[in-house]
Amino acid sequence: MCVSTVSVAPSMESLILIAEDQQHIRKLIEYKLTNSGYAVVAVEDGSQALAKARELKPALILLDIMMPLMTGFEVLSALKQDPATKRIPVLLVTAQSKEEEVLKGLEMGAEDYITKPFSPNELAARVKKVLMRTGG
Amino acid sequence: MRLELLIVLTLTAAATFIVVVTSIGLVIHKAANARKLRQRQRLYTHYSERFAEILLSDVPLISPGSRTTTLFKQYESLITPLKRELEQVPGRLRAMHRDMLRQVMVDFAKDLSGETADRLVYFFYSLQFVDEQIMLLHHRNWWVRAQAARDLGLLRTRRALAALTAALEDPHPDVREQAIKAIVTMAGMESLRTIFRFLHTMTTWTAVELSVVVMQRKEQAVPYLIEALDTKDESVVLFCIEMLAEIGFISAVEPLRRLAAEYPNTAIRAKAIEALGRLGDERSEAFLVKIAGGRNPHLRFKSIEALGRMGVPRAVPVLKRRLLDGRLPEKIVAARALAGTGTAGQRVLEQLAASEKGTTRAVCEQVLEESTG
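Read top to bottom, the protein sequences are chains A and B. Counted the way the working numbering counts, the first sequence spans residues 1 to 136. Counted the way the working numbering counts, the second sequence spans residues 1 to 373.
By construction, these hints were calculated from the structure, which means they are not laboratory data. Treat the hints with care, as some may be off.
[Said to hold, decoys possible] No more than 35 Å apart at the CA atoms, straight line, and that leaves these computed lysine-lysine pairs for DSBU-like:
#1 Lys80(A) <-> Lys110(B)
#2 Lys104(A) <-> Lys218(B)
#3 Lys110(B) <-> Lys57(A)
Values in this document were obtained by computation on a predicted structure and should not be read as measured data.
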């Protein structure tokens with residue numbers, strides 16, 4: 001099990017949960033968001049993401065769609081059905097040219113999405129925008 | 001008796017010894033592999049972290065008018081500590097370190113865009129991976145060559161374009177496939193011209209791969225597909241015809257008509273006729289009607305099919321003649337084409353169903369039943 005916590009800004013309002021199975025990109029997002037002033041918790045599969053979301057109630061979840069154990073869609077669905085987590089905004093990370101995935105995710109209640117390959121600066125900007133919009 | 005017992009005992013002891021030694025060998029081998037795997041995993045984690053930091057480290061802002069070398073100097077200052085670290089790794093381990101570092105960079109290249117990706121490309125050059133990968137395009141194992149082509153494409157290393165173009169003639173289809181993808185990623189749709197010129201005897205997989213590239217850009221690819229209809233390699237010509245029909249862009253009608261009329265190989269002409277039917281443009285009607293009444297049975301059949309797909313009322317006389325004079329497959333396809341032309345064709349089918357006998361009558365009745373049912 002791989003759960004890494006970086007506590008730069010210990011305010012719970014700025015805690016971001018990253019669910020991404022690919023180690024290199026998880027590290028990069030972790031680094032980028034930590035440098036942008038957020039507290040970050042990173043997990044490597046869907047079931048850990050769900051457990052951490054319930055436990056920590058983060059301000060935002062960055063959710064990769066293709067993950068082992070539970071896909072991003074399954075996690076999203078479980079989050080939106082649970083009254084304790086349904087208000088947490090979710091930003092989906094999808095593979096390129098998967099329009100149907102994006103539409104499905106947005107219909108299921110995701111706040112926004114970003115497509116791989118992405119620019120880390122754009123990712124940080126989107127995170128900021130979603131947090132501003134949702135008051136996180 | 002004693003001697004026999006001795007032999008049996010010796011053989012048993014030898015067999016036991018071999019089994020024990022082999023088992024120990026296997027265990028040691030497995031343990032060594034597991035250790036190596038753990039070591040590689042540790043290195044991957046290490047370089048993922050290091051590279052995430054290097055890729056996202058701030059560099060001082062440079063003015064828009066500054067030379068590119070100023071930016072490159074900044075990038076170089078970011079990568080220098082890692083280079084020094086690599087130099088200190090003992091010789092026998094350095095290859096593994098470099099391999100994992102390259103793997104991390106390739107994985108990053110798949111997922112990143114923007115300035116971070118540009119930075120990554122610079123680092124790939126600076127660490128001399130580009131030259132290494134270009135050399136690997138000549139490796140004796142095809143999978144190594146294919147991976148090198150893929151990695152060069154992912155990292156958009158333009159210096160490798162010439163080597164990748166040469167890889168289009170690689171004996172293994174997977175290498176050619178990866179080279180195509182890499183070239184299109186780097187040089188865009190214009191590179192199709194080069195790709196078509198160099199490709200020889202396209203395999204199904206290469207065709208599938210290339211069709212994905214073409215269908216992503218559709219109209220942009222049309223001029224290059226039309227141009228490639230003059231290529232000598234017939235597999236490329238067939239591919240281009242299929243793609244033009246699939247895209248359905250009307251500028252392809254005239255080149256396809258010319259190909260259908262003049263190409264020496266009947267299979268290519270037949271494919272072009274089929275494509276004209278799929279495009280369904282009225283400018284090809286007269287030509288198809290002429291071929292449908294011609295001597296070549298294969299081309300005749302394909303033209304009738306095309307006319308049936310398009311539903312051309314002016315083709316009714318020639319279709320009627322083919323229904324009366326043709327062999328059974330031609331009768332069937334002509335009858336279906338007649339049914340597709342509308343009222344005039346339907347009337348012909350009804351008349352022939354009443355007046356003719358034997359096969360023609362049966363075909364007419366069958367097709368009428370299909371069209372009304």
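>> Please list, smallest to largest, the hint numbers that this structure does not respect.
In response: none
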